[in-house]
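Participant: Letter by letter, the chains look like this.
Protein chains: 2
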Amino acid sequence: MSAPAAKVSKKELNSNHDGADETSEKEQQEAIEHIDEVQNEIDRLNEQASEEILKVEQKYNKLRQPFFQKRSELIAKIPNFWVTTFVNHPQVSALLGEEDEEALHYLTRVEVTEFEDIKSGYRIDFYFDENPYFENKVLSKEFHLNESGDPSSKSTEIKWKSGKDLTKRSSQTQNKASRKRQHEEPESFFTWFTDHSDAGADELGEVIKDDIWPNPLQYYLVGTALSRALHPQQLWEKVNFITELMLQMCL
Amino acid sequence: MSAPAAKVSKKELNSNHDGADETSEKEQQEAIEHIDEVQNEIDRLNEQASEEILKVEQKYNKLRQPFFQKRSELIAKIPNFWVTTFVNHPQVSALLGEEDEEALHYLTRVEVTEFEDIKSGYRIDFYFDENPYFENKVLSKEFHLNESGDPSSKSTEIKWKSGKDLTKRSSQTQNKASRKRQHEEPESFFTWFTDHSDAGADELGEVIKDDIWPNPLQYYLVGTALSRALHPQQLWEKVNFITELMLQMCL
Numbered sequence: 001m002s003a004p005a006a007k008v009s010k011k012e013l014n015s016n017h018d019g020a021d022e023t024s025e026k027e028q029q030e031a032i033e034h035i036d037e038v039q040n041e042i043d044r045l046n047e048q049a050s051e052e053i054l055k056v057e058q059k060y061n062k063l064r065q066p067f068f069q070k071r072s073e074l075i076a077k078i079p080n081f082w083v084t085t086f087v088n089h090p091q092v093s094a095l096l097g098e099e100d101e102e103a104l105h106y107l108t109r110v111e112v113t114e115f116e117d118i119k120s121g122y123r124i125d126f127y128f129d130e131n132p133y134f135e136n137k138v139l140s141k142e143f144h145l146n147e148s149g150d151p152s153s154k155s156t157e158i159k160w161k162s163g164k165d166l167t168k169r170s171s172q173t174q175n176k177a178s179r180k181r182q183h184e185e186p187e188s189f190f191t192w193f194t195d196h197s198d199a200g201a202d203e204l205g206e207v208i209k210d211d212i213w214p215n216p217l218q219y220y221l222v223g224t225a226l227s228r229a230l231h232p233q234q235l236w237e238k239v240n241f242i243t244e245l246m247l248q249m250c251l
Numbered sequence: 001m002s003a004p005a006a007k008v009s010k011k012e013l014n015s016n017h018d019g020a021d022e023t024s025e026k027e028q029q030e031a032i033e034h035i036d037e038v039q040n041e042i043d044r045l046n047e048q049a050s051e052e053i054l055k056v057e058q059k060y061n062k063l064r065q066p067f068f069q070k071r072s073e074l075i076a077k078i079p080n081f082w083v084t085t086f087v088n089h090p091q092v093s094a095l096l097g098e099e100d101e102e103a104l105h106y107l108t109r110v111e112v113t114e115f116e117d118i119k120s121g122y123r124i125d126f127y128f129d130e131n132p133y134f135e136n137k138v139l140s141k142e143f144h145l146n147e148s149g150d151p152s153s154k155s156t157e158i159k160w161k162s163g164k165d166l167t168k169r170s171s172q173t174q175n176k177a178s179r180k181r182q183h184e185e186p187e188s189f190f191t192w193f194t195d196h197s198d199a200g201a202d203e204l205g206e207v208i209k210d211d212i213w214p215n216p217l218q219y220y221l222v223g224t225a226l227s228r229a230l231h232p233q234q235l236w237e238k239v240n241f242i243t244e245l246m247l248q249m250c251l
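Line by line, the protein sequences give chains A and B.
Under full-length UniProt numbering, the residue at position 191 of the first sequence is numbered 191, and the numbers go up by one with no gaps.
Under full-length UniProt numbering, the residue at position 106 of the second sequence is numbered 106, and the numbers go up by one with no gaps.
The hints are simulated quantities; they were obtained by calculation from the structure and are not laboratory data.
A couple of the hints might just be wrong.
One copy or any two copies: either way a pair holds, since identical chains are not told apart in the list.
As the list claims (entries may be wrong) - DSS-like, lysine-lysine: derived pairs with alpha carbons at most 25 Å apart:
id, residue 1, residue 2
1, K161, K26
2, K154, K137
3, K55, K159
4, K164, K119
5, K26, K137
6, K26, K77
7, K119, K59
8, K119, K159
9, K26, K70
10, K137, K70
11, K119, K55
12, K209, K137
13, K119, K209
14, K70, K55
15, K77, K154
16, K137, K77
17, K62, K209
The model shown is predicted, which means the values in this text are computed figures rather than measured ones.
Work out the full structure, taking the sequences as your base and the hints as a guide.
Facilitator: In structure tokens, the structure reads:
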């Protein structure tokens with residue numbers, strides 16, 4: 001909410017208001033003191049509102065838990081659910097190299113946990129099957145806000161198998177500092193685990209928490225659903241139209 | 001909340017999972033249908049949570065109203081409260097030319113109103129005394145989200161007195177389109193009223209609504225409070241120190 005009001009003490013008002021005299025200055029000083037009192041009431045209401053909203057969020061976080069649990073169990077029955085979901089998501093897919101995608105075929109479970117008081121942060125856990133890339137069974141990244149509101153993040157150190165470190169494959173020649181300055185995307189999905197430069201607004205973390213986690217099925221199904229929404233005849237027409245368009249652009 | 005789940009229909013899974021046969025494909029299809037059911041439960045809970053949070057916000061908006069009203073009456077007793085507040089606010093002050101500041105000396109009352117359902121938008125009203133710049137008694141700008149979530153804004157047309165249009169004073173030669181492209185600040189506080197290019201994330205609107213309106217007194221007092229926090233002797237030492245520093249820089 002709002003910052004605490006500055007302490008009000010007697011204030012000499014160098015007003016250029018016509019007819020300002022001792023009396024009106026005293027009145028102004030009193031008005032400021034009253035504003036401060038009213039402001040304290042407003043701040044108190046703001047705090048109460050925040051607490052009530054937090055309680056609502058906590059209540060529903062608990063109510064959602066068994067459904068998330070059930071959903072995870074069902075997702076585990078579908079091979080390649082998560083890699084398909086990530087590939088179908090425009091922002092995540094932009095981070096996926098060919099080998100990232102290979103490695104994500106071993107991703108069996110994703111869990112997003114918001115910490116009890118919600119405002120203090122969240123953690124994302126990625127569960128992997130035995131795979132040729134790294135030893136870890138779980139990779140986690142978590143985001144914290146400390147009491148003064150400063151963000152930080154930490155994550156599992158990835159134990160790469162020999163010669164399999166995907167963060168060292170591409171763009172090795174590119175200077176990391178210059179990449180940061182230009183706000184470019186990390187060059188591998190897995191560099192995200194070692195990048196703690198923007199914990200307060202971690203793009204991938206927030207996409208997973210706020211966009212994918214609330215409804216991953218929509219991204220898993222997106223390709224299928226789109227093509228099925230069209231009648232075969234319509235689909236055929238669309239393909240012809242696009243082919244025509246591409247030909248025109250190339251000529 | 002999350003987008004509606006894509007309709008689930010039979011899906012041919014071209015799984016490359018070892019041992020995938022007719023039975024496991026049927027199982028996968030069933031799993032997807034169950035995920036969709038679970039997802040509907042999660043979506044239902046999300047909607048309930050949103051509604052409860054909205055009710056809390058509406059309740060506190062009502063509870064705060066009489067205090068905002070009282071605060072406005074008290075502020076009206078203090079000459080130049082709003083212009084001082086705006087000048088002391090770093091982001092707003094960056095928008096203020098010398099003549100904007102002159103005109104804002106006639107600003108007596110600012111009101112921020114969030115619309116009943118909150119999510120749909122807000123309005124800021126600026127009440128002015130009779131002044132040499134424009135005829136209007138009130139200048140308003142309001143921000144709307146329509147039902148599909150698209151933002152728009154509209155505002156009072158300012159009836160400038162002859163030769164007093166502050167939006168036509170500076171940077172006249174600068175091409176407006178190029179200014180837009182470079183995302184520079186408008187050249188006068190008052191151009192903000194005619195700029196509807198970024199209604200979804202109007203910087204000044206949000207600063208006033210979310211930063212100044214919750215506690216304007218802290219900005220009004222900021223200069224005074226800082227100087228009063230120091231004992232006169234400390235203040236004297238600080239002035240000497242800064243004078244010394246400035247002398248060194250100039251020599």
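Participant: Which numbered hints does this structure break?
Facilitator: 1, 3, 4, 5, 8 and 15
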